[in-house]
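Protein sequences appear in the order of chains A and B.
In case it helps, the working numbering puts the first sequence at residues 69 to 118.
In case it helps, the working numbering puts the second sequence at residues 17 to 398.
Hints are supplied without guarantee of correctness; some may be wrong.
Said to hold, decoys possible - Computed footprint of chain B on chain A; a stretch qualifies when at least three of its residues, placed anywhere within it, have a C-beta under 8 Å from a C-beta of chain B:
| id | stretch |
| --- | --- |
| 1 | 90-96 |
| 2 | 99-106 |
Stated by the list, open to error - Some residues of chain B that are not near chain A, with every Cβ distance over 12 Å (derived):
| id | residue |
| --- | --- |
| 3 | Phe-62 |
| 4 | His-69 |
| 5 | Asn-90 |
| 6 | Val-194 |
| 7 | Lys-199 |
| 8 | Leu-326 |
| 9 | His-344 |
| 10 | Ser-345 |
| 11 | Asp-349 |
For the record, the hints were derived by calculation from the structure and aren't laboratory data.
For every residue, glycine included, the Cβ atom is placed at its ideal position computed from N, Cα and C.
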Amino acid sequence: MRKLEAEDLDLDEALKLFEEGVERLRAAREQLTQAEVQVKKALKGEGSSR
Amino acid sequence: MGTSLDLFGAASSEGAWTVTEVTRRARSVIEAGLPPLWVRGEVTGFKAWRSGHWYFSLRDKASQIRCVMFSGDNRRLPSPPPEGTEVFAFARPSVYEPKGEFSLTVTELLSTEQGGRWKLAFEKAKAALLKDGLLDPARKRRLPPFPRRIAVVTSPDGAALRDIQVVMARRWPLAELVLVAAKVQGEGAEVSVCAALARLAKLEVDVAIVGRGGGAAEDLWTFNSERVARALAAVPMPVISAVGHETDITLCDLVADLRAPTPSAAAEAATPDRAEVLVHITHLGERLARGLKQRSQRMVDRLDRTGDRLIGAIAARLEQARALLTAHSAQLDALSPLKVLARGYAVARDENGRVLKRVKQLPSGRDFTLRVTDGEVDARVR
Numbered sequence: 069m070r071k072l073e074a075e076d077l078d079l080d081e082a083l084k085l086f087e088e089g090v091e092r093l094r095a096a097r098e099q100l101t102q103a104e105v106q107v108k109k110a111l112k113g114e115g116s117s118r
Numbered sequence: 017m018g019t020s021l022d023l024f025g026a027a028s029s030e031g032a033w034t035v036t037e038v039t040r041r042a043r044s045v046i047e048a049g050l051p052p053l054w055v056r057g058e059v060t061g062f063k064a065w066r067s068g069h070w071y072f073s074l075r076d077k078a079s080q081i082r083c084v085m086f087s088g089d090n091r092r093l094p095s096p097p098p099e100g101t102e103v104f105a106f107a108r109p110s111v112y113e114p115k116g117e118f119s120l121t122v123t124e125l126l127s128t129e130q131g132g133r134w135k136l137a138f139e140k141a142k143a144a145l146l147k148d149g150l151l152d153p154a155r156k157r158r159l160p161p162f163p164r165r166i167a168v169v170t171s172p173d174g175a176a177l178r179d180i181q182v183v184m185a186r187r188w189p190l191a192e193l194v195l196v197a198a199k200v201q202g203e204g205a206e207v208s209v210c211a212a213l214a215r216l217a218k219l220e221v222d223v224a225i226v227g228r229g230g231g232a233a234e235d236l237w238t239f240n241s242e243r244v245a246r247a248l249a250a251v252p253m254p255v256i257s258a259v260g261h262e263t264d265i266t267l268c269d270l271v272a273d274l275r276a277p278t279p280s281a282a283a284e285a286a287t288p289d290r291a292e293v294l295v296h297i298t299h300l301g302e303r304l305a306r307g308l309k310q311r312s313q314r315m316v317d318r319l320d321r322t323g324d325r326l327i328g329a330i331a332a333r334l335e336q337a338r339a340l341l342t343a344h345s346a347q348l349d350a351l352s353p354l355k356v357l358a359r360g361y362a363v364a365r366d367e368n369g370r371v372l373k374r375v376k377q378l379p380s381g382r383d384f385t386l387r388v389t390d391g392e393v394d395a396r397v398r
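All chains, please: the whole structure from these sequences, using the hints.
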């Protein structure tokens, strides 16, 4: 992101970084969603065991 | 030979006497041989019947005689003689035929005005026991709440033993009854009871009952003996006296750790009540369950709170992560180079893909590619 913000960057390089950024965001979002699902599952399991 | 004093000749042809004949003969023998006389003794077992007649016994240390004083004779007296009073009685000895009982018909009663000698002996012994500290209330031991073995000093065939057995079986069947047999009245009773009390020291019992069944007050002599009272005081475990008389207090009663009016009452005092103990245990169980429930409820509450904190923490963490993600994604979007292209800017690159940014990189006739928003085109500098 910081590299992307630097001005003397090739557009091409920028595009590459951008694509990488998008990919990382997607992975992060996926990870977050996964974490949320996991928490929900854990809570449900705890609820039924009582 | 006078017929009224012929003691050995049978009245009937079979050679045997009837009960009535022998009683009548005894009466005539006594009445002839013992004319009316003055008798000195202590009044005991006094009872005035509704008829107005008085019945009591006169006794001394060794013997007693039943007496009757008819209302016509006793009416002249200011009040009935108190129990234990020593009196002079003018009486006619006789045999009361319906019962075959030797008795005195008293016509005159005079107090000796110094109290009964017997009573005096009692007071003397009591004073001696008091002086030795044996009557000190601080000496009284507490009875064990749950005795395992209970010794009973009494006659093996008396009513006292039976009464105690019945009460123990009902109230506390867990306790074992250890009988220490003793002769509780009559000749030799004093020695017998003392020996029995001494034997208690060698027995492993938690509490002892010394008792006898109900009966006339004159039979209490054994339990008024100073010697017996001292033997009782020396017993190492708590002792309950159950001498079986509501009104007379004996020396043993005074020395014992507890005085019970009857053997049954002694057994009740010595044992816990099974039913009560069961109720108590049930209460304890309920309290225990309640305590445990409260305790575990507190733990559940604490766990719930901890759980809430845990969930809260992870939720906050996820929230934070999501916010960061959103922020990054917005930031990334703002910086998107595609946006620049979409606004109409283009990127010129040489055949190696190097970006051509300056005029001198673009001499006339130079081939290059131009990247625009929706693709690339080949181009040449004019």
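Give me the numbers of the hints this structure contradicts, sorted from smallest to largest.
-> 8, 9, 10 and 11
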